[in-house]
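Visitor: Residue strings, one per chain:
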Amino acid sequence: NAGVTQTPKFQVLKTGQSMTLQCAQDMNHNSMYWYRQDPGMGLRLIYYSASEGTTDKGEVPNGYNVSRLNKREFSLRLESAAPSQTSVYFCASKPLADPSSSTDTQYFGPGTRLTVL
Amino acid sequence: AQSVAQPEDQVNVAEGNPLTVKCTYSVSGNPYLFWYVQYPNRGLQFLLKYITGDNLVKGSYGFEAEFNKSQTSFHLKKPSALVSDSALYFCAVRDRGLTGGGNKLTFGTGTQLKVEL
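Protein chains in written order, with my numbering: chain A, 1 to 117; chain B, 1 to 117.
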């Protein structure tokens, strides 16, 4: 099992450029999430997909769009990148599990470090 | 609304000494509480989860956490720190009373643990 994989690992964009961050999981998990991590602010949820075919906004969705392509893949798109979107982006997935079980937890990918100039 | 506070940006401890990383939470109902660890340039890894019952939760790598309902705290502890424990630690909460919505977690801002020889 590769777990949660993210591509690319690093990316530099110019203001106004667009790009898509890719995420895939091979654990047959139902839910998938996109977070951004900024110094002193912890992880903030951008978008999530509770199950295949559904997506919902998180805490900081402005400037982003997502696609749940299938059960395995959940992509994050920046249509017109801004310097404020410089961050480390993490994808996570979670199985369908009883909330009162220890398996009901999120599994994270290695992250994508994005710089917008 | 649910929230988490990690009051210390950094905790320094000598190898072999006990360590504590503090976390307090706020939920309208009862919580599920989590600790995650992040090593440099890696994604978050699950350490442990409080579900119910025993107030002392044992997790990976010798870590444990103490749940205190009256103080709304969930401090992470280890009896004897190792240099290899140096990492960024995140506390997270989910309100049990919230159903659906992707079972979203709210993360704290993180505490950098530095264990020195």
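Possibly wrong hints are sitting among the right ones.
Calculated lysine-lysine pairs in the DSSO-like style (CA-CA distance at most 27 Å, straight line) [stated by the list, open to error]: (1) B:Lys114 x B:Lys58; (2) A:Lys71 x A:Lys9; (3) B:Lys104 x A:Lys57; (4) B:Lys22 x B:Lys77; (5) B:Lys69 x B:Lys22; (6) B:Lys104 x A:Lys9; (7) B:Lys104 x B:Lys22; (8) B:Lys104 x A:Lys71; (9) B:Lys77 x B:Lys114.
Hint data in this document are derived by calculation from the structure and do not stem from the laboratory.
Visitor: Honestly, which of those hints from before does the structure not fit?
Guide: The structure breaks none of the hints.
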